[in-house]
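For the protein sequence lines, the chains are A and B, in the order given. With the first letter of the first sequence counted as 1, position 520 gets the number 520 in this note's numbering; the numbers rise by one all the way through. With the first letter of the second sequence counted as 1, position 504 gets the number 504 in this note's numbering; the numbers rise by one all the way through.
FYI, nobody ran anything at the bench for these hints, they're computed from the structure. Among the hints, a few may not be true.
Identical copies look the same in the list; a pair holds intra-copy or inter-copy alike.
Derived SDA-like pairs (lysine to any residue); straight-line CA-CA distance at most 20 Å [unchecked claim]:
hint, residue 1, residue 2
1, 691, 27
2, 712, 371
3, 691, 271
4, 559, 271
5, 559, 541
6, 41, 538
7, 559, 692
8, 276, 27
9, 276, 54
10, 276, 628
11, 39, 224
There are 2 protein chains.
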Amino acid sequence: MDLLDEPVPGVGTYEDFNTIDWVREKSKDRDRHREIATKSKESVLALMKSISDAFSGWLLMLLVGLMSGALAGGIDISAHWMTDLKEGVCLNGFWFNHEHCCWNSNETTFQERDKCPNWKSWAELIVGTNDGPFAYIMNYLMYVCWALLFSFLAVSLVRAFAPYACGSGIPEIKTILSGFIIRGYLGKWTLVIKTITLVLAVSSGLSLGKEGPLVHVACCCANILCHLFTKYRRNEAKRREVLSAAAAVGVSVAFGAPIGGVLFSLEEVSYYFPLKTLWRSFFAALVAAFTLRSINPFGNSRLVLFYVEFHSPWHLLELIPFVLLGIFGGIWGTTRLGHYPVLEVLVVTAVTALLAFPNSYTRMSTSELISELFNDCGLLDSSQLCNYANVSVTKSSSNALPDRPAGQDVYTAMWQLSLALVFKMLITVVTFGMKVPSGLFIPSMAVGAIAGRLLGVGMEQLAYYHHDWVIFRGWCSPGADCITPGLYAMVGAAACLGGVTRMTVSLVVIMFELTGGLEYIVPLMAATMTSKWVADALGREGIYEAHIRLNGYPFLEPKEEFSHKTLAMDVMRPRRSDPPLSVITQDGMSVEDVESLIAETSYSGFPVVVSHESQRLVGFVQRRDLVISIENARQRQEGVVSASRIFFTEYTPPQPPNSPPPLKLRGIMDLSPFTVTDHTAMDIVVDIFRKLGLRQCLVTHNGRLLGIITKKDILKHMAQMANRDPDSILFN
Amino acid sequence: MDLLDEPVPGVGTYEDFNTIDWVREKSKDRDRHREIATKSKESVLALMKSISDAFSGWLLMLLVGLMSGALAGGIDISAHWMTDLKEGVCLNGFWFNHEHCCWNSNETTFQERDKCPNWKSWAELIVGTNDGPFAYIMNYLMYVCWALLFSFLAVSLVRAFAPYACGSGIPEIKTILSGFIIRGYLGKWTLVIKTITLVLAVSSGLSLGKEGPLVHVACCCANILCHLFTKYRRNEAKRREVLSAAAAVGVSVAFGAPIGGVLFSLEEVSYYFPLKTLWRSFFAALVAAFTLRSINPFGNSRLVLFYVEFHSPWHLLELIPFVLLGIFGGIWGTTRLGHYPVLEVLVVTAVTALLAFPNSYTRMSTSELISELFNDCGLLDSSQLCNYANVSVTKSSSNALPDRPAGQDVYTAMWQLSLALVFKMLITVVTFGMKVPSGLFIPSMAVGAIAGRLLGVGMEQLAYYHHDWVIFRGWCSPGADCITPGLYAMVGAAACLGGVTRMTVSLVVIMFELTGGLEYIVPLMAATMTSKWVADALGREGIYEAHIRLNGYPFLEPKEEFSHKTLAMDVMRPRRSDPPLSVITQDGMSVEDVESLIAETSYSGFPVVVSHESQRLVGFVQRRDLVISIENARQRQEGVVSASRIFFTEYTPPQPPNSPPPLKLRGIMDLSPFTVTDHTAMDIVVDIFRKLGLRQCLVTHNGRLLGIITKKDILKHMAQMANRDPDSILFN
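The whole structure should be built from the sequences, with the hints applied where relevant.
Here is the structure:
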């Protein structure tokens, strides 16, 4: 009687904070697929099952897209409403935000619409007027109070219910996608708390964005929806394919950039990205973007966050200021963000709110700020930034306005923007790393956009007043629209974002999807390229890599080349001075022997050899599977005692009489362990680990087993080679 | 004296029609890089060298972009001129094409400009008039004669100088990128001849496009430019990275779609596409696109080939006709293109020209046709397709025109287009596979665009006359612009192209870059998805895969999953009935033994074992390296004779006196051959081969060498499993 013919529950699963074996997972999925395909020829029901299995991936993608799009829409609407709540309330119904409240207002001009009678600021509501210093202070106080309330709620909720909900989540998602297991990181509690606290954190006016966390939210949705389908619930590798697509969905809804989202997932987040996933991610990203558009949170039917239309082309010479912006972005990228985690969220919120309120550019939401900075001043624009002296416009047919001298308001705006720049830079550095959901995309873009707009307006005025200079001659004649400050803001935003995240192609694509302008790829590329180079030259890592390293996650960076000339024998365990490798022989050990081996060591698996003398490798067995199987056999299989012999061979030799029944464990042994020779160069070993997603690899010499290399060994070796502490790698 | 300490020339290179070993090539490059990095600390000169080495990749990309862009511009201009030459000549100078000739004409209206006095049709030039049947026949004859001349020149040049220049070249480039070597396929002769004959073939009016061949041209440029840099000249793997980028450049210049080009390279062509290549491809693609734009071959300053602007959104119900177009595209994709290679190019040319001339839609160049079909009819459009009955236009401010009843000309156009559709479909089937440079993109797009436009106009008229039907109610009220026939043409073009090539994401991105419309992703995606599914369901392969299989190239398709439950022992050689594996022992064989082993077998490499008895694996040695080294030693090393012993061990044991000096060959042995156990599932083996780019892999059982699996063995096994002839795999 051999009960072990049926699978033991738990065999082949992973413990928390462990790395999965991609090869085994993918193999398991192919077995499952093969079984379904074979069965499908037998009956109609099985055929239906096979078809539904084939389409379950697409269905899952559809659901992920719908759910993420709907959630993102909800977050947008709530955040918008709560941000406005800090300033006032709508009399028609407190659930209207400022814009909706004034929607049906009778005022026709755009400027007046802002001051519709139904929308009351707190001062108006309490003391009945909006004028005078007392009302100002009243509004100021209410603004700070609301901000404190929101951030207090956010931080308490995160602390009480879901500590995993803080931060952007992208470094952890990268690690999870590379094959690491962090239970609960993408669970339903994280989703609920992250969604709520994200709205609170954004509304509190802290210098953080919702774009990074939206990636986490989308991944949570995907992980939860995976439980509906056995195919994805049971298989860690298949689930990671869905999560890769979900990362694309997250960016797609964050920016309304489906193609950029897919490229972001491909370039920045994903580890294993087969072409099938590319296609499905694209589908899911589109579904999400269109769901979001149907919800229409921005009220303008646009898919994109910052739609701009520029009317004049750029000139080759402008590449110089663009590259300067790139350098600025690169330097910003090396700022040690998050190295000063201030635990006192309330203090930061209070400081942010107190400093932000007096300056209109910091008081408005960061997205609005970016939108305004990107904007090309038209004739009808009434914003402070567009207050140019009116010059007689000759070409009325074209939308392009010639460069004009700046008015007084523009100079005021410049001052305010300069202050806002300093403020944003300082406050972002302390905000990032706080224990609330926080993204870096929007604050970084804001810093870059402010710097870009300042430079742009400067260039514009220079060109206007000195159009006879050599550099401007030929393309900046008076009356020509040669400098577009909005474009500079856009380029600056891309440069800063690129410096922080080190994204390249995906960033350029996101920017051009964001703004709808295919013509401006070259300026964007020049800036992001410069910023990446500068940032790489100044300090090696992007923000996500730094975060992963700080946390000691076992992440094998696919972008970095291993460039040292070490061999597998230098990295493998045991080292020369260590005791020999712990192995199990295929037919020579009793249950007791194996149990004591398990008790004495903490290795996560053991090689099985023919005999101690020959050291010829037979297979590899996982510690967890071994423990579960022996436990199971002791409980359920009659007569299995400590003296029972364990066999990993195909056939059990006849046992002497009176000996306890043997335990056959060939079923849990991996018959095809990966091996390399001791002379294999480590760069090849690293390549194999990366491309195949291995957990461990055995080392042989002339056919004899010599040692073992695990992912952790490799990461420790890499850390050592880079003169870092090898003990900073915490997990296996 | 051991002359073998210095490298023997030729060791480590590959023969023609062989597969490279990616692991070895990449390892070689890392060694080189490490050496430069170490040296750079020693002197300033070495440091400069190291920096120039680091930037050589970018410089190469720049050159590839510039050269390909310039060549593409030249091809466009020449093809344009020669296409017009079939109809007439310019009196100002024969080198002007029709458009340039009439550029400075005094006629102001657009219609009249076509008939400028300086442009003379052949009839006008010879008999002095363009009217009457005689002049028509005259023009007809000249048209056919020129076409015959061009195609005769094209086919003769290809046959005489560069047989590799025919076809689109994409299947071969796919194979080359996967690691195959075809010497001369990307050489300078191929480049020169392909460029010239491409212009001739396109101008001859044959139903073929220049887009696929442009990918080949760009790859030739890249391959030739690689010779300027040692890094890329010497390393097959590095060179393939550049070629991957060049494929992106090709599509970028063919369609003016840099992002689509990069995705095309990633999705369709490339095998090994690291992130670094992604970024560089993007750079090169942009450089090429901007070079092309500066040359401005279309004379409209647009980067894109078919710029369209649609004015009305699409309705959800329209997805039904879009899916229908997808089904049409899928069916078109399963057409057995190229299965009827007609060698008589002149006959096909004559038939094409004779049938094409009378129908204006087939007479114009295919790009013009597509452009016209994509066009949304504006108020000022005078083309036959836009001859709608004038309905009073109420909203003059908007560009959108309401749906109108079709005029007589539109009905005529419908007839002509229907005939053109049948003609294009038939002629494309026989044209593809001819021995001239020919691409499938444009003819397929034309077929789809015609079908789409026909359906679009049909829908439009249906909606106009039956706007009270349930399906039209609510969105197609009279006076509304609800159906855009141009959009249907675009969707149809995408569907047919998708059916033929099975591209997905890259196709959608190319289409939207082509047309500049981000709003139409969903219709495009619905159509391409349907067309891919339909084509996959009807016949498994895309056109490139079919071509690769027909030619017996050793290409391991990365998209296809291996789904059979076989083990490594079922595939490895020797089979059970075969003689045992030919091995070399590490210290037991003489030069004579090895030479006879080489003479008797044709294997491309031999495993080295400790001894015949133990069969414990030491390493692997390539046949080519062995032959070269023995030859070299016999010539240059004193005393090496047939009786000399060959040693692969680290230390040579002392030889008995009077014995000839030993030959030490450890240096040419690969000390880290890849091994799998005999129980490894074949799906895992296939995965390893694909991901690591192996040539061969050794099979062991319990530490003993058992056999070998080569890429050819795997491909043969896959062919067998799919019930195809395993002997169709020709190369190793």
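Against the structure, the hints come out as follows:
1. 691 to 27: Answer is both: 15 Å inside a copy and 15 Å across each meet the 20 Å cutoff.
2. 712 to 371: Neither: 45 Å inside a chain and 58 Å across chains, both beyond 20 Å.
3. 691 to 271: Both: 9 Å inside a chain and 13 Å across chains, each within 20 Å.
4. 559 to 271: both (10 Å within a copy, 17 Å between copies)
5. 559 to 541: Within one copy only: 11 Å inside a chain, 33 Å across chains, cut-off 20 Å.
6. 41 to 538: Close across copies (19 Å), not inside one copy (61 Å); limit 20 Å.
7. 559 to 692: both (15 Å within a copy, 16 Å between copies)
8. 276 to 27: within (17 Å within a copy, 30 Å between copies)
9. 276 to 54: within (12 Å within a copy, 34 Å between copies)
10. 276 to 628: neither (36 Å within a copy, 44 Å between copies)
11. 39 to 224: Neither way: residue 39 and residue 224 sit 29 Å apart in one copy and 53 Å across, limit 20 Å.
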